[in-house]
Amino acid sequence: MAKTKSSFVNLIVTLAVITFVGSLSLGFVFDWTKEPIAKAQMARQLKAIEAVVEGYDNNPVTEKYKVVTLDGKDSLEFFPATRNGKRIGTAVKTKSGLGYSGDIWLMVGFDKAGNIIRIQVLEHKETPGLGSKMTLPSFLNQYYGKNPGKVNLKVKKDGGAVDAITGATISSRAFSESVQMAYETFQSVKHDE
Amino acid sequence: MTVLLNTVLILTGLGIFAAAIIYLVSQKFQVVEDERIGAVENVLPNTNCGGCGQPGCKAFAKAVVDAESLKELHCPVGGNAVMKQVAEILGIAAVERDPYIAVVRCSGSFEHRKKTSIYDGAESCKIAATLYSGDTGCAYGCLGMGDCVDVCDFEAMYMDEKTGLPVVIEDNCTACNACVKECPKNILELWPKGKKNKRIFVACLNEEKGSTARKECAVACSGCAKCFEACRYDAITINNSLAAIDPEKCTLCLECVETCDVRNIITANVPDEKIKHATDHRIRLEERARKKKEEEKLAAQAAQQQNGDATKQA
Amino acid sequence: MSAGLLTVSPSPHIHTDLTVPQIMRGVIIAMIPALVFSVYNFGLGAVYVTLLAILFCVVIEYSIARYLLKRPASIYDGSAVITGMLLAFNVPTNLPWHIILIGSAVAIGIGKMSFGGLGNNPFNPALVGRVFLLLSFPVEMTSWPKAGATWSLDATTSATPLGILKDGLRAGDTVPELMNQMPSYADFFFGLQGGSLGEMSAFAILLGLIYMLYRKIITWHIPVSMLITIALMTGIFWLVDPTRFANPLFHLLTGGVMLGAVFMATDYVTSPFTHRGMIVFGVGIGVLTVVIRLFGSYPEGVSFAILIMNAFVPIINSYAKQPRYGSKSQRHKAYQEKLEKELTSTK
Amino acid sequence: MAMRLNKHKTFKTGGIHPHDNKLSAQVAITPLSLPKMVTIPIIQHIGAPAKIVVQRGDIVKTGQILATHEGFVSSNIHSSVSGRIGVIEEVMDSTGFKHTAVNIRVKGDDWEEAIDRTDTLVEEIKFSPKEIVSRIMEAGVVGMGGAAFPSHVKLSVPEGKHIDHLLINGVECEPYLTADHRVMLEKPKEIIVGIKILMKALGVQKAIIGIEDNKADAIEIFQQLLKNEKHIGVEALEVHYPQGGEKQLIQALLNREVPSGGLPADVGVIVHNVGTTYAVYEAVQKNKPLIERVVTVTGKSVKQPSNFLVRIGTPVIDLLIAAGGVPEDTGKIVSGGPMMGKAIADLDVPIAKGTSGILLIPKDEASRSEVYNCVHCGKCIEACPMGLEPYRLLIMSKKGNNKRAKEEHILDCIECGSCSFVCPSNRPILDYIRLGKTQLKKQKSV
Amino acid sequence: MTMDYLVIIVSAIFINNIVLAKFLGICPFLGVSKNTSTALGMGAAVIFVMTIATIITYLVQHYLLVPFHIGYMQTITYILVIAFLVQVVEIIMKKVSPDLYQALGVYLPLITTNCAILGVAILVVQQDLNLIKSVVFAIANALGFTLAIILFSSLREQLDGADLPEYMKGVPAALITASILSMAFMGFAGLV
Amino acid sequence: MMSNTSHKENFIKGLVKENPVFVLLLGLCPTLGVTSSAFNGLGMGVATVFVLVMSNLVVSLIKNFIPDKVRIPAFIVIIASFVTMVQLLMEAYTPALHEQLGLFIPLIVVNCIVLGRAEAFASRNTVVSSLVDGLGMGVGFTLALTLLGAIRELLGSLSIFGFRLMEGDGMLVFILAPGAFISLGFLIALMNWLKDRSAGIKR
Ligand SMILES: Cc1cc2nc3c(=O)[nH]c(=O)nc-3n(C[C@H](O)[C@H](O)[C@H](O)COP(=O)(O)O)c2cc1C
Ligand SMILES: Cc1cc2nc3c(=O)[nH]c(=O)nc-3n(C[C@H](O)[C@H](O)[C@H](O)COP(=O)(O)O)c2cc1C
Ligand SMILES: Cc1cc2nc3c(=O)[nH]c(=O)nc-3n(C[C@H](O)[C@H](O)[C@H](O)COP(=O)(O)O)c2cc1C
Ligand SMILES: Cc1cc2nc3c(=O)[nH]c(=O)nc-3n(C[C@H](O)[C@H](O)[C@H](O)CO)c2cc1C
Ligand code: SF4
Ligand code: SF4
Ligand code: SF4
Ligand code: SF4
Ligand code: FES
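Residue numbers (this note's numbering), protein chains in the order written: chain H, 602 to 794; chain F, 746 to 1059; chain U, -12 to 334; chain G, 2 to 447; chain W, 1398 to 1589; chain B, 3 to 205.
Bound conformation, chain H alone (with noise of 0.2 Å):
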């Protein structure tokens, strides 16, 4: 069988054609796959909300506003979570960018008084095995129920209540301190409705 030969009009016929295909098909399946990969998007926004605040009865995300952190360098993104059109919690995203490697991404839900309900990390790349331990329960547990208006979180070497995890003191730190700053923000803005 010979082969096309290199001519030009074979060459753009050969490429156009191609590309038209592929590109006609990729169209297809994104088509396909757009509403399954939204669902799964929101599905997952949903799943790290519903960890830190039970209950609601709305749609968190799609309610969501961003509120300017105290600092002013950068915001954070609110939930809010309400039953039968009563707040009962609010989910903050918030970040950190002191940890060992990389941002670490958290959702704290605080009740109406500023208790922290659930923590959830949403993102890290902390070591595994080391940092990655603050999705252990046995760290997550010191915060549940406490207001960090009332109880110094930070770590306790550096004076505070939390119990760092053993070798990851840095990611510690990182985690109360962004806990800190979803938690000044969030008492900087009135939440009434």
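One should not assume that every hint holds.
Claimed, not checked - Residues on chain W that point at chain H, a partial pick, calculated with CB under 10 Å:
id: 1; residue: 1413
id: 2; residue: 1469
id: 3; residue: 1473
id: 4; residue: 1477
I should point out that these hints are in silico values taken from the structure, not numbers from a laboratory. All figures in this text were calculated on a predicted structure; none of them were measured in a lab. Cβ atoms here follow ideal geometry from the backbone N, Cα and C, with glycine treated the same way.
Go by the hints and put chains F, U, G, W and B with the ligands onto chain H.
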């Protein structure tokens, strides 16, 4: 739907753009290179052993394409099969070569050659050879440290621990010439593989006179010329008290083999019966020749006598 | 001839007495003072860890050489003992035996034997083992028993001076404040500080250095260039801001600087050949150590610095060459002119 | 670690300090009794073999010419004894290879008449430079410092080269050897005349005798004798192997460096050994060809370490017997010094013009010890007097990478053996360097 | 401002070294590192291509994909552009500067299939860098690659002279070397 | 070219004799990058199999219509299309895995195996044998990745496919970059040894 449209338009556009540019650029900046070089390179064994005399397989490919002839160039590793393919690619006549194999031209094993000193330098024949003529009496023999084995790329050699001499593994040897070049004592030699892999050669290089040679090594060739006399085809020559067989002339009649009193004419792939047969044949021939001579002598004598008688009579 | 067969070999026919096993024995002797000080400080734990590490290293090297590589066992040259000892010197005295075993296996198995044994390894085996352990068991590797003649195996843990410094600075304290929490310089010098087994006493290590210099086992180039670099660099930072940076003396006497400079950076196999190269190497280690100590997240950087510079050794070797005899005539115009003059003046 | 206040000069790059073991330093030179048979190879020098001019059965006198030089870089060979020429055959000489040699059965001691055999010192130099060179050439004088390079060639300085210094090599840096030392002690005046002859031949104004400071007595004698000489100096040198290498000696004495691939003449210097200088004296003033030389016989187990005056061609065994026999524990016999000498495989090897000593090494020191991998200690680099990187040359040569080896200046190596000596891993460094050099030279000649 | 660039550079070269920490471009890293001169050639080629490719893909991203909402086409458009670019450069270089082609060109086809190039182009987008920062990031990463491959090749050259265990020869020994190198580079953690 | 060897052999060779990772040393980036656990290795492997098989199929179908000059761009577009499809499908249906594998999914495009096989095999062989080849190579790749992932997971966190086998911490290094290099290095050495042993070669 706009997304689909955008997708198709942009990607196809990019594709057409790319194809057009590639075409234009390649038109403008074309470089021609002989494609046959690559083709030849593909069929070569690509071991880069250098046995062909070129620095590597690629160089060989280039050389054949440039030369357009296979008279001078031959890949010993690929052999005739590969060279035929090469010839096909180039569209020229193939040139067949007899296959060769490396042979070890020393039979001075430990028991035959007594040590006269203990060599204690670096383990290398080449180094020993720059230091002195060897740790045995024989200045021509194998030094036994296996430089040749080390250079063989085809695992076709090993050192025999009992004899201290290298052994060539017939099936692996590609006649690449590496060991021949490596050996500082020129013990190895490329030899025609022979019909049905049969071949004979003298496994000694000692050029000393007979008595000295035998003192140095119990199986040295003494240049006694018995084999020389036995050969009916002029294939054996004696130079500097050393017999050598010319493989071109040798017909593998095997008649010389048993004449050597130290059996230093080595045969490969020849069954013992054949040698015995050949020897018997030689003896018969010799016998016949002797008889013939005797008869002739007798005849001559008789003739003389007759003559004498005749003259007497006359 | 009464003498039997004569031996024949190329010249030279005589050889120095300082052979590899001899050298290795010398290094081991030089390390003994440091070990003694450590026993004084940490008690039997030091002996236990050291013996265990040596045992593991030797046994592992023997097994790998004999059973995996099928080569003659190479342990008699003594280098495995040094590796074991130095590995032990680089870990806390309360390390569990299984971690010591892993460390030895990595040092010898990965760091040394997988490259073919003595002389072939590009990286310092003991440090490969040490860094592997540090990365694998950060908790165990960074809790040191308290110094000061505690003779039981499970003493309370304490941080090293460098650890205190790093943590304190992170928490916002200043250097002078932190210095008050630390032992005196004399204690540093004689080894009363928290830390790994063999790095305690600068004094003991210097004894070893002097011995090795005297025996001509090592030359001064690596240790001196490395120590001077560290002193200079930390000195500059200290002068710029004494509240954020500790003084050079502190940096020289704490952590593994002395141990590294004297015993680990000088390892023949993994350091450059020429004196010039050694100086480049020493300076490189010094710079990297200071950078990691002052700006990285590890309080101590000597091990990493040495390993990184190990990687540069082949490059250093191909550039830092010894001046060649005869190259002077090509290099120096002045020399050529002088010679010219000498030659013509006598004409 | 010894601190010396008045440090003597030495060369700058590399070098080592082996034990010097000069066992025979205080033993006066004694003439060895005439052998029964001599074997005189017709090549004992660098260059072309000489051409034999005698035949089997001829009767020759001591000092009679046996073979004449072939071409300029070659040397005459004289009979060292009187007697009848035996077979002319290939024999194993001290190089380890077979070369053509003339056997002579000794009968009486009948010298050529022209040779002045008296001991009187002849100081006056009657010959012109040309005549000096031709007398040296006729007498078959070759360098006795090791390389056995024909001396007349060195004295014929090529056009365009200007020589301003003659260096006399009295260093004898090889351990054990004392032949030069004894010659300096016993024939200093003759050597000084020899120096003047060489200076005249070369037309130089300045000569320096370099002697290592472990030969204080020799230094003193020359200082005494040369007190009033403006043009000839004596310089004490720190003991440092291989100070005797001419390149090192030039660096030590004059702080000049012979360029890579160059000759001493390129930096205005000619170097001659003291033994050679004495031979020059005898050749020019006494008309005596080079037929005998001083040979040190030594070794830790040798009964009487000695310095013998030996006729060229005498078999080694004769010397050994005269020195008290071959000790039981002999494992290796070296012709020359322990650093650069050649091990010989049997005892019938003849003494040649270049043989400065016979060293017997006991069995337990005869073989090399276990070889380890290179531990990168850099000691070989530190030791190399040429500033090379011996470990690298070994690797390249082993891999057959001669081109790279050449770029790394393998051809500059003077084969002093310092690198192999110091290597703690006992690596056969010089073995491989020598191989690399040989192969490069072979490549060049092809 | 300058601090930002310093952070990008130090991080890309030492801390998050593209080969030793991010595992990109491993195939050429192992394949073309047998001796230092080819490693240098490869390094230079990577620097060249990575810089240009990053610029072009940046433009594609911001002027085609984003405005037309077809971000999901990133992979395919990028790789098409890169493959096209490399091929054009190769053809031109072969003709215009055969010397340069000898030095760099032979590595160019290898680069098309080098994850490092595409990887960096995608990372640039993920990290939302501006054009200048993207270029700095690309060059720094390429330098990181070059540093790693040069160090590595010199180490491998040295290993050539060593007698490695039979089964460790070649790639296994190279990988062990890479592992120790990457452990050593972990010492830089937290530098920025 | 390959038509005379059976498809079975053709398939098997990708598993062992020409294993893309251990023998051909291709596709090492994902091999090292995603194998911090067995599951990730498996996931990456499966994604690659899909792309490999599909692109081999298409390339062998249209090989004769593609002029040399645009061979590489054409192949790459084909491969990239399949990769993007995988990417989209994974994002939709296995979002967690998609996140774990991250950057390495788009990088399947430049995975040397895929283009390598398209170039070296599919562009010269029949459709069926290309399919088999792609499947063999892909499965070989998957096996290698899973094995490597399992080893690293086992040593690094004392578990396999997420099941904890033992209490305590493993050797962290094995989850980090150096552990990937070490494990692969020794695995390849082991493979070399096995290969020689099965061939009866003793060294
Ligand atoms: C490989 C490795 C990974 C590490 N990962 C983390 C981490 O993810 N988080 C952390 O806080 N510390 C981590 N560290 C430890 C820090 O470097 C530092 O030693 C530790 O935070 C000191 O704090 P400690 O007081 O808790 O021991 C890691 C150390 C190593 C060797
Ligand atoms: C091949 C060769 C050529 C030489 N040519 C000259 C020469 O032309 N002029 C000269 O003065 N010396 C010449 N020499 C002598 C050397 O300079 C040197 O003196 C001699 O080799 C002995 O030196 P050594 O014992 O230090 O090795 C030559 C030597 C050799 C080996
Ligand atoms: C390493 C080495 C060491 C040498 N040692 C001496 C020595 O100790 N004494 C000496 O006279 N020549 C020694 N030589 C030879 C000299 O280099 C040089 O050839 C000689 O002095 C020239 O004089 P000649 O031609 O008269 O022999 C040595 C050569 C080398 C290469
Ligand atoms: C001066 C000197 C220092 C050494 N330092 C070390 C060391 O730091 N770590 C180590 O494993 N071996 C060391 N050794 C032993 C040996 O050289 C080392 O194990 C080699 O790297 C093994 O090939 C040292 C040896 C000497 C002579
Ligand atoms: S035995 Fe010699 S000729 Fe034969 S393959 Fe080996 S090296 Fe080549
Ligand atoms: S044949 Fe030659 S190379 Fe081989 S062992 Fe004998 S001497 Fe050495
Ligand atoms: S033998 Fe050669 S390489 Fe070795 S030290 Fe002497 S000059 Fe240097
Ligand atoms: S002296 Fe020996 S061990 Fe030291 S660097 Fe030289 S060759 Fe290597
Ligand atoms: S998979 Fe080959 S370069 Fe990344």
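Okay, the hints, checked on the actual structure:
Interface hint at residue 1413 of chain W: satisfied, since its Cβ lies 9 Å from the closest Cβ of chain H, which is below the 10 Å cut-off. Checking residue 1469 of chain W against chain H by beta carbon gives a least distance of about 6 Å; that is within 10 Å, so the hint holds. Using the Cβ-Cβ criterion of 10 Å, the hint placing residue 1473 of chain W at the interface with chain H is satisfied: the shortest such distance is roughly 7 Å. Checking residue 1477 of chain W against chain H by beta carbon gives a least distance of about 8 Å; that is within 10 Å, so the hint holds.
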